[in-house]
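Undergrad: Go by the hints and put chain D onto chain U.
Chains as they are written, first to last, in this note's numbering: chain U, 1 to 481; chain D, 482 to 839.
Hints in this document: simulated from the structure, not taken from any laboratory. It is possible that some hints are incorrect.
Claimed, not checked - Coverage of chain D stretches by chain U, computed from C-beta distances (three or more under 8 Å per stretch; other residues unrestricted): (1) 508-517; (2) 532-540; (3) 597-611; (4) 671-681; (5) 793-799; (6) 825-832.
Positions of the beta carbon are idealized from the N, C-alpha and C atoms, including for glycine.
Here are the chains, one letter per residue:
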Amino acid sequence: MQLDSLFSILSDINYISIIIFFSWFILAIGLIQNFIYILQLPAAWIELRKYSQVGDTESNWQMLTSDVIMPISLIMPSYNEEVTIVENVHSMLSLKYPDIEIIVVNDGSKDSTLQLLIDEFKLRPITRAYPREVPHAKIKQIYSSKLHHNLIVIDKENGGCKADACNAGLNISRNPLFCVVDADSTLEAEALLNSVRPFMEDPNMIAVGGTVRILNGCFVKNGQVVSVGLPKNLLALMQYMEYIRSFLMSRLAWSRWGTLKIISGAFGIFRRDITVEVNGFASNTVGEDYELVIKMHKHMLDKKRPYSMRYVPEPVCWTEAPETLKVLGNQRKRWHRGALEVFFMHKDMFLRPKYGKIGMLAFVSSLIIDVIGPIVEGIGYFLIPILWFFEILDFNFMLAFIAIFFIFGITISTCTLIFEEMELRRVKNWHDLVKLSFVAIIENFGYRQINNIWRIIGWWQFIRKKSSWGEMIRTGSAQKN
Amino acid sequence: MSVSDIASKNSILEMLWLTSLALALISSAIMLVLVLRHIIIQHRKAKIFARKKQLDRFLFAAINSPIEIDSKAIPNLSSGDYPILMRSALNIIRSLNGNDAAKIIKILNLCNIKPYLLLTAQKGAKGKRIQSLTLLGYFSNKDSLQFLLNYVNDEDIAIQISALRALSLHDSKKHLRRIIKSLTNSHKTNVILLADVLRRFGDFVVKDLIDVLNAKSNTDVKIAIIIALGDIGSLEAVDDLIKFAASSNLDIRTESIISIGKIGDQKAAPIIAENLQHKSAKVRIESAKSLGNLQAESTLPILVESLNDKNWWVRFYAAQSIYKFQDKGIAILKSISSQEDEAGLICAEVLAEFKEGF
Numbered sequence: 001m002q003l004d005s006l007f008s009i010l011s012d013i014n015y016i017s018i019i020i021f022f023s024w025f026i027l028a029i030g031l032i033q034n035f036i037y038i039l040q041l042p043a044a045w046i047e048l049r050k051y052s053q054v055g056d057t058e059s060n061w062q063m064l065t066s067d068v069i070m071p072i073s074l075i076m077p078s079y080n081e082e083v084t085i086v087e088n089v090h091s092m093l094s095l096k097y098p099d100i101e102i103i104v105v106n107d108g109s110k111d112s113t114l115q116l117l118i119d120e121f122k123l124r125p126i127t128r129a130y131p132r133e134v135p136h137a138k139i140k141q142i143y144s145s146k147l148h149h150n151l152i153v154i155d156k157e158n159g160g161c162k163a164d165a166c167n168a169g170l171n172i173s174r175n176p177l178f179c180v181v182d183a184d185s186t187l188e189a190e191a192l193l194n195s196v197r198p199f200m201e202d203p204n205m206i207a208v209g210g211t212v213r214i215l216n217g218c219f220v221k222n223g224q225v226v227s228v229g230l231p232k233n234l235l236a237l238m239q240y241m242e243y244i245r246s247f248l249m250s251r252l253a254w255s256r257w258g259t260l261k262i263i264s265g266a267f268g269i270f271r272r273d274i275t276v277e278v279n280g281f282a283s284n285t286v287g288e289d290y291e292l293v294i295k296m297h298k299h300m301l302d303k304k305r306p307y308s309m310r311y312v313p314e315p316v317c318w319t320e321a322p323e324t325l326k327v328l329g330n331q332r333k334r335w336h337r338g339a340l341e342v343f344f345m346h347k348d349m350f351l352r353p354k355y356g357k358i359g360m361l362a363f364v365s366s367l368i369i370d371v372i373g374p375i376v377e378g379i380g381y382f383l384i385p386i387l388w389f390f391e392i393l394d395f396n397f398m399l400a401f402i403a404i405f406f407i408f409g410i411t412i413s414t415c416t417l418i419f420e421e422m423e424l425r426r427v428k429n430w431h432d433l434v435k436l437s438f439v440a441i442i443e444n445f446g447y448r449q450i451n452n453i454w455r456i457i458g459w460w461q462f463i464r465k466k467s468s469w470g471e472m473i474r475t476g477s478a479q480k481n
Numbered sequence: 482m483s484v485s486d487i488a489s490k491n492s493i494l495e496m497l498w499l500t501s502l503a504l505a506l507i508s509s510a511i512m513l514v515l516v517l518r519h520i521i522i523q524h525r526k527a528k529i530f531a532r533k534k535q536l537d538r539f540l541f542a543a544i545n546s547p548i549e550i551d552s553k554a555i556p557n558l559s560s561g562d563y564p565i566l567m568r569s570a571l572n573i574i575r576s577l578n579g580n581d582a583a584k585i586i587k588i589l590n591l592c593n594i595k596p597y598l599l600l601t602a603q604k605g606a607k608g609k610r611i612q613s614l615t616l617l618g619y620f621s622n623k624d625s626l627q628f629l630l631n632y633v634n635d636e637d638i639a640i641q642i643s644a645l646r647a648l649s650l651h652d653s654k655k656h657l658r659r660i661i662k663s664l665t666n667s668h669k670t671n672v673i674l675l676a677d678v679l680r681r682f683g684d685f686v687v688k689d690l691i692d693v694l695n696a697k698s699n700t701d702v703k704i705a706i707i708i709a710l711g712d713i714g715s716l717e718a719v720d721d722l723i724k725f726a727a728s729s730n731l732d733i734r735t736e737s738i739i740s741i742g743k744i745g746d747q748k749a750a751p752i753i754a755e756n757l758q759h760k761s762a763k764v765r766i767e768s769a770k771s772l773g774n775l776q777a778e779s780t781l782p783i784l785v786e787s788l789n790d791k792n793w794w795v796r797f798y799a800a801q802s803i804y805k806f807q808d809k810g811i812a813i814l815k816s817i818s819s820q821e822d823e824a825g826l827i828c829a830e831v832l833a834e835f836k837e838g839f
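This is chain D alone, in the form it adopts within the complex:
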């Protein structure tokens, strides 16, 4: 090995151990700084906790006060108090009924918390943005409403859903229609969370939801609306859901079947029964379940046929749905249970299970 080879190898080795040592020392130094920071934060946290207790006591006293609270009763507040007030208010609102929640909002108005909420909703950390949007939903005036509307199509789905959820707390019918219609232009959303928010708007928006469903909207939005219509349970939606129960999109078809089952309108029984022979096991499973809720006697023969389906879950839910027909269904299951095939086995198992009340 030449001298230059040895020298270059030595310099590599030197670099290795020097770099490792340097990294270890730097990381340890950063850790030391964080320990000092931890001590400072711990001390601050104790102060924040004490201040939180004071503000909580004030809020509870204000809610329970027999006389109307005015601005003179509000304690002196610094900017550091607003995050505490926001968290406390949300915690208290979760355990209150409607009137008391309105009292809290009135007190927060007197505390002049709104500028803080608006700023935090725009620029805060994600968790704080969600909290401030939620709290803004309880302020029923126009400017907070308009502010929330700006976030309905936000790119961040969590923010979008929080804004929608906050809007569902508002009572203004004119704005609800606008919110639902804006979903037509929504590009990206979360089906489950959007469905949860939409159902909170209630019966009032069913017609508008159906309009968006029939418009050229994003598939995820359509599916969310279908789920919400099922949860709302309005019979007005059944005709359109029947149409979507024949969709070529499997998710739309499946969710339509589920929603029809939740609404329970027997006029949808034929389309659901047809779906019990679909090639997708998921469609057949949900069809079997929904027929149990629809309770249309005309579907009993197809349910009995499904007891021989190749998929266990289809057989199980078909048997369960037959059981829901009570005496008639139980009689059918009993007669089939003596057969020595898959149908007989599932009928025997379901009879034994449901007889015990499960």
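Pulled out of the complex, with its shape left as it was, chain U reads as follows:
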């Protein structure tokens, strides 16, 4: 009898209405995402114009020649980086910054990373007193260089994640600021000067993020990018455009609104004391850079202490982008896993007025873009065309879906390219600009969709609590001299 009534209820439900309602829900989510991006555009432009350091070479020169510049420790976590480690350390040693300490953390590499460093930089074992302020795996030996007094190498047991290596570097560092740079990244000569300026201008500054750009296709000489070029590989080219959009629009806008929620792990500068107060980088997430920033917001808001965080568009860190779908896919799945881990780790901040704009705006946008967005969009790519084919949805609906999930992205990408060209002008040749303009169009037809699939897989991995980093294959794909 109960089963009969259940079947009766089920047969009364209008499934078509539910599906149509869900289709409208998919459109609504897409529309909200696009609305967030639209709001970000003017905010990003205002922030770019206000804080742009383009043309202000004099201030950098004055900082370079003054005694008041804040000393900084550059922490380079390294795991199996024998292909690029020597060159990248040389590159860091050539940075234009008067008071810098470079700390390379060899995180239990299985290749010859450490031996290459010992041979190249004439390393010798030393004793260095350090506080055990943040947790990490055991340090086996600390080395210093006979050739460069400001180079320190830590050899430690592998901690299973980059966060552990960063924490070891943090404990060893003695400067008020530190910057984590990936071992495969190349910083521009004045990147640190540009990034440290906000700390000197605002005593409440606790974190600054810089721009990460794609190294593929650039010409590198003596560890510095001397000529900027576009990647030849199509996948890397799509990422080039993606990085411009992500850094020049999203992060500038979040910075403008005081809700900067992520500073790239490839290049970020933080106050050492605040990072120690929040117990350093978390080793229970693959999004340790994202988690650190959220944690810092939470900590400062809990303690009701004034603080600021900023994104500065000029300082650039060049990094190698994956050129195969497999490696790129692993990276994106990991990033999305990290985003979800951080969201749920700090879900107590969601819609809490105590956490101000972070809780009320940033977390809401994360919910829509990172949590719900990929799944809803993924379902939409299958459901909407099928419903249209069976005439459950009309052609206008199909067009609206295409507009929201394919066409609108062209506007966003093109607008960020417009910002890039009007303010920063890093793309040197007009034909590269034309190429990027085409990429801004075509990336919405295929690349975006593949990324969405990876994000959905990232969701699945998050649910299954997968924790590995996967493998990044270094190709050294910039041209070298």
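TA: Only chain D this time, still in chain U's reference frame:
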């Protein structure tokens, strides 16, 4: 669903895709215009680069000329040449010594660049304003001096600091006093950058800085002056710094302690030693560091006591300061290093580290 419902939903959907398409087309059109602009700018840049090379060659030849350059030697200049001259002059001045910098300024005077600099300092883009203010600092005549004085209390801190920095290049003692005194009325500034500029004025302004420090000036200005006094290193400032080392404002107290440490006058040792027991870890850390520079033997007992401080950095800098007492200090550290407590551990670590020369 009624016909009007369907119609309104259709019009919303139509509006959505039409708006998206329109935005995409408009942004693409703007991009096309920018590509054309890029081509034009690229072409212009090549011309500007060629002109820059010519002007650089002229400037270097003029500096190295064995005979005095006069207005007849100046090439024909257009308004577009002045931004290039400004940048080139600044680049060259950075690598020259005093006499050659004066030669460059003389040449720029002959080029009649000053009206351009004055206009740019008032109305140019921020980066160019800073450059022109900096360059005006090298012109030692009255009107550029007066012009710079107008920007000392500018609301934009970067402009304010650039004007002050430019003024620090001037030699006129009468005006320096006026500049320092005007800081009393300054409402908003940047501590670190102001301190950097003030130290460039040197010994001569110490008395005036102390006057401003004791007047009712803005806290940020006071802190900047305290930092500058430490960098200048004048013993004349020690008595006042001792007073401020007991301030209720933590930042003023901390910076006073640091500055006393830089100056190194042992008469300040008692107040610093007292601060080694302050509740703020930051004050204790800086006190431990400063005592190492003061090298007053009377402070050894309090430093030894600090080896058991709950904060690692206080313990570390106390041990480091004891080490600076050389044989006596090393002996103390060695005797404590055998203890199985925090003090013993930090002494052992510091001895090992500094023995290796780090």
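Undergrad: Indicate, hint by hint, whether the structure satisfies it.
TA: Now for the hints, and whether the structure bears them out:
{"no.": "1", "hint": "508-517", "in the structure": "holds (count 7)"}
{"no.": "2", "hint": "532-540", "in the structure": "violated (count 0)"}
{"no.": "3", "hint": "597-611", "in the structure": "holds (count 5)"}
{"no.": "4", "hint": "671-681", "in the structure": "holds (count 7)"}
{"no.": "5", "hint": "793-799", "in the structure": "holds (count 3)"}
{"no.": "6", "hint": "825-832", "in the structure": "holds (count 3)"}
Violated hint for the displayed structure: number 2, the only one.
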